[in-house]
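**Student:** Take a look at the letters that make up each chain.
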Amino acid sequence: MAGSVFVIPVLDRWLVYAPLHHASALVNRAAVCRLSEDRVQPEQEDLASLSSLIRSEPPGVPQPREGLVSPQFLGLIPTRACNLRCVYCGFGAADGGCEVMDMALAVAAVDWMAADAQRRGRATLDVHFFGGEPFFARDVVEVVVHRTRAVAAEKGLVPRLEAATNGVYDEDCARFIGDYFEAVVLSFDGFPQVHDRRRSAVNGRGSFEAVARTARILSQSPAELCFRVCVADDNVDHLAETVSWFCRQFQPAAIDFETLQPTSGAEEAGLRPPDPYRFAAQFHSAGRIASDQGVRPSYAAALRETPRTSFCPVGNDTLILSPEGRVSACYLPKQEWQARGLDLEMGRFTVQGAMELDRRAIERVRSLAAAKPRCAKCFCRWSCAGGCHVNQSFPGCPQAYNDFCIQTRLITACSLLAELGADSLADRLLDDRSAMEALALRTSDALEDCEEADG
Amino acid sequence: MANISITNACNRDCSYCFARSPAPRNMTIPEFERSLDFVQRSGMDQVRLLGGEPTLHPDFPRFVDSVLSRGLRLLIFSNGLMPEPAVRCLESAPADRAAVLINVAVPGECRPEEDLGQRSTLRRLGRRATLGLNIYAPTVRPDFLLGLIRDLGLSPCIRLGLAHCRVDQTNRFLHPRYYRVVGQGLAGFAGAARAEGVALEFDCGFVPCMFPPGFLDTAGITASDIGLRCSPLLDVLPDSRVVCCYPLASLHCEPIPEHHDAAWMRNRFEARFSWLRPAGIFRECAGCGLRASGQCAGGCLAAAMGRLRRAPFAVSLPNG
Amino acid sequence: MGRPGAEKLATYRCAPHVSWTVERNGLLLLNAGNAKACPLGYPQAALWELLSRGNSYRQVVSKMRAIALLSAEATERFIADTMESWVEAGLLLREDRDG
Numbered sequence: 001m002a003g004s005v006f007v008i009p010v011l012d013r014w015l016v017y018a019p020l021h022h023a024s025a026l027v028n029r030a031a032v033c034r035l036s037e038d039r040v041q042p043e044q045e046d047l048a049s050l051s052s053l054i055r056s057e058p059p060g061v062p063q064p065r066e067g068l069v070s071p072q073f074l075g076l077i078p079t080r081a082c083n084l085r086c087v088y089c090g091f092g093a094a095d096g097g098c099e100v101m102d103m104a105l106a107v108a109a110v111d112w113m114a115a116d117a118q119r120r121g122r123a124t125l126d127v128h129f130f131g132g133e134p135f136f137a138r139d140v141v142e143v144v145v146h147r148t149r150a151v152a153a154e155k156g157l158v159p160r161l162e163a164a165t166n167g168v169y170d171e172d173c174a175r176f177i178g179d180y181f182e183a184v185v186l187s188f189d190g191f192p193q194v195h196d197r198r199r200s201a202v203n204g205r206g207s208f209e210a211v212a213r214t215a216r217i218l219s220q221s222p223a224e225l226c227f228r229v230c231v232a233d234d235n236v237d238h239l240a241e242t243v244s245w246f247c248r249q250f251q252p253a254a255i256d257f258e259t260l261q262p263t264s265g266a267e268e269a270g271l272r273p274p275d276p277y278r279f280a281a282q283f284h285s286a287g288r289i290a291s292d293q294g295v296r297p298s299y300a301a302a303l304r305e306t307p308r309t310s311f312c313p314v315g316n317d318t319l320i321l322s323p324e325g326r327v328s329a330c331y332l333p334k335q336e337w338q339a340r341g342l343d344l345e346m347g348r349f350t351v352q353g354a355m356e357l358d359r360r361a362i363e364r365v366r367s368l369a370a371a372k373p374r375c376a377k378c379f380c381r382w383s384c385a386g387g388c389h390v391n392q393s394f395p396g397c398p399q400a401y402n403d404f405c406i407q408t409r410l411i412t413a414c415s416l417l418a419e420l421g422a423d424s425l426a427d428r429l430l431d432d433r434s435a436m437e438a439l440a441l442r443t444s445d446a447l448e449d450c451e452e453a454d455g
Numbered sequence: 001m002a003n004i005s006i007t008n009a010c011n012r013d014c015s016y017c018f019a020r021s022p023a024p025r026n027m028t029i030p031e032f033e034r035s036l037d038f039v040q041r042s043g044m045d046q047v048r049l050l051g052g053e054p055t056l057h058p059d060f061p062r063f064v065d066s067v068l069s070r071g072l073r074l075l076i077f078s079n080g081l082m083p084e085p086a087v088r089c090l091e092s093a094p095a096d097r098a099a100v101l102i103n104v105a106v107p108g109e110c111r112p113e114e115d116l117g118q119r120s121t122l123r124r125l126g127r128r129a130t131l132g133l134n135i136y137a138p139t140v141r142p143d144f145l146l147g148l149i150r151d152l153g154l155s156p157c158i159r160l161g162l163a164h165c166r167v168d169q170t171n172r173f174l175h176p177r178y179y180r181v182v183g184q185g186l187a188g189f190a191g192a193a194r195a196e197g198v199a200l201e202f203d204c205g206f207v208p209c210m211f212p213p214g215f216l217d218t219a220g221i222t223a224s225d226i227g228l229r230c231s232p233l234l235d236v237l238p239d240s241r242v243v244c245c246y247p248l249a250s251l252h253c254e255p256i257p258e259h260h261d262a263a264w265m266r267n268r269f270e271a272r273f274s275w276l277r278p279a280g281i282f283r284e285c286a287g288c289g290l291r292a293s294g295q296c297a298g299g300c301l302a303a304a305m306g307r308l309r310r311a312p313f314a315v316s317l318p319n320g
Numbered sequence: 001m002g003r004p005g006a007e008k009l010a011t012y013r014c015a016p017h018v019s020w021t022v023e024r025n026g027l028l029l030l031n032a033g034n035a036k037a038c039p040l041g042y043p044q045a046a047l048w049e050l051l052s053r054g055n056s057y058r059q060v061v062s063k064m065r066a067i068a069l070l071s072a073e074a075t076e077r078f079i080a081d082t083m084e085s086w087v088e089a090g091l092l093l094r095e096d097r098d099g
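Chains as they are written, first to last, in my numbering: chain A, 1 to 455; chain B, 1 to 320; chain C, 1 to 99.
To be clear, the hints were calculated from the coordinates, so they are not data collected in a lab. Just so you know, even glycine gets a beta-carbon here, dropped at the ideal spot from N, CA and C. Errors might be hidden in some of the hints.
What the hints assert, rightly or not - Quick look at which bits of chain C chain B covers, simulated, 3 or more residues with Cβ under 8 Å:
no. : stretch
1   : 10 to 18
2   : 27 to 33
3   : 41 to 53
4   : 59 to 72
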């Protein structure tokens, strides 16, 4: 039971959460005492059944990966160049260089992935594009799309193409994406005055018109469209209106919210990350609006369907191929990892089709998924799993919960409450700063450490 | 069947309406009689009157009499906001020969007076009235209809429709990528409907693959029941032109034939649009077993047209 | 009469009644003129797509080489043969001229 059952204070109630048992319950203080001391009376049937469940062996404890690398998808960065100069860019677009992946290399990588997928008995051939702006290297993407489909047909696999993109290109490109891609994550920060302040082209002009046009085209296509919204202090209080407008105008499949990662560019532009408590509250109400419209609200760190040791590519055996043919576990530029003392490079891929991976590098990257002391007693350890390994859970990171931890804990708690039908309790929580702090700043959620419930 | 649209006047403004027309037109009495001649010549025994809102036609009661006096059965497609003479006319029509399908608005999507108007009509028509619902967004749920049927003593049947796109995509419609989500929801609802003795009917455009595995078997519906609904309905417009169906209306129309029947017209429309049939609403349609075995036509043709691409490209190659 | 020494070119145009849809395993070409459907698998589907998106002949050759893993010569032959077959099928129109 140790490390797998948590209790979280929500105003005058307690959330009992056992993620590995897929169980949660809302109880009172006395119940927490009984659970913690294993003093539940049999006649308290519901509580007894919960106690029995949380004391049983969990069906499966996620473990860091072992053995041969088993990537779920092939990540391709056709270029790190970009046609935008977003103030908060952490992908080095401004100084990312203009190198474009060699077509032959990209095709060889697809062939390798197809053979790997077939060998493992997978049903799909998954290729994801990242950047820079992947469609800035449109020719390479075009070739990869067709090669992926060709080799998938040959091997009896279902091709699945996904891209993270800024949406700034002509209608023809947008239609191509809509025709051929299964899923698109489109960076779209909301109303023109917000979006254009942050996401302008190289010539300084705003990109809203182009992105909105792309969004319209993609929303009428078979591709699953997800908007990625960067939330900073300038738009956190307008999330509800933004979401409402998105749903009315575009009806995306999902809206994913990410809080601003501080960069020098963002600071110069006067942008700061939002207050995490405000963000959690605004996410909650905006999420409700989205759900009512049939649009899925998403905060990646709070996704709980499957317990995991990592929610980012790192630690999940992801293989991401850079324009130069280097294979790494992360799509951020190397200098970002290096600034954290990390080496996420795992090898190289050759145009002859050889995936040359360094076994020690693989083990080093995999071990990052396990080494998160800050997360050990946090009820989000099997969902958030420490967040981004470069920005959040890098070795030597401060042990105290930071803003990311605070908002993640609050959002996850509210999501648990919603599942239990306790929406009004979630609303009250998010209206009460001291209650939020009591929840968010609690250093240990482990049931065995629960002292406050005593007496 | 053939649908006769006797007017394009309407007293609602549904975002998903595919029958909108800028030019107001009521079908004249001679045009209506000619339409009925066509229906009878075609061996059909039921006339379906549509709009706009058909009960707004100034000669609506006379049209009803004309249908019934020919020994034909009548089905009216209405939004339930009827003028009093129309309601009285329908109340007095023989219940075994005249029925009304009322397409109700989703709660919150109409004004309070419209909601009251619909309920009032439903209450008066009772078992003559069947409820219909057009699903135009993945959030549209039919659950509230069961309460209406129970409370107002309506016919224990619900006709479900998908809001289809006009070819020019000027109306709100349910994009095929939401079909599976909708199918999942309907499969859940079907259980509740069955428990209350309410039957579900599916309009054209539904496809077997949108439902979870096993649902069709449980519901006693075959794949081809659902999958082959898309075919020329024959909609007679207020100006007597005949179209394949409303979503495809802008592509082709023909006059009511003087001597030929509906089967002849359907063959003409089938031939006209046959080149489109191989395309389906999903990328997977081309390789689908149900398609290959003739149990599914690939969904709504107008929706499939949304996937069509055209480009007048030209390229020069060295010759020899 | 063409210029002396001018390269002879064949210009291929998409036939006016042809449209297509993207399918899981290729394309489906629909000819409203003769009510015929022509499914295209790979690599033919890639060729049609590249042409329809305004790629020049040289660009098409370069990309098709990468997609189909053929030599330059084999790619040009494949393109020429495929396009001629499409002319026969009524999907393309061809006109010859001097360059």
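**Student:** Now look at each hint and say whether the structure bears it out.
**Tutor:** Right, here's what the structure says about each hint:
no. : hint     : result
1   : 10 to 18 : holds (count 7)
2   : 27 to 33 : holds (count 4)
3   : 41 to 53 : holds (count 3)
4   : 59 to 72 : violated (count 1)
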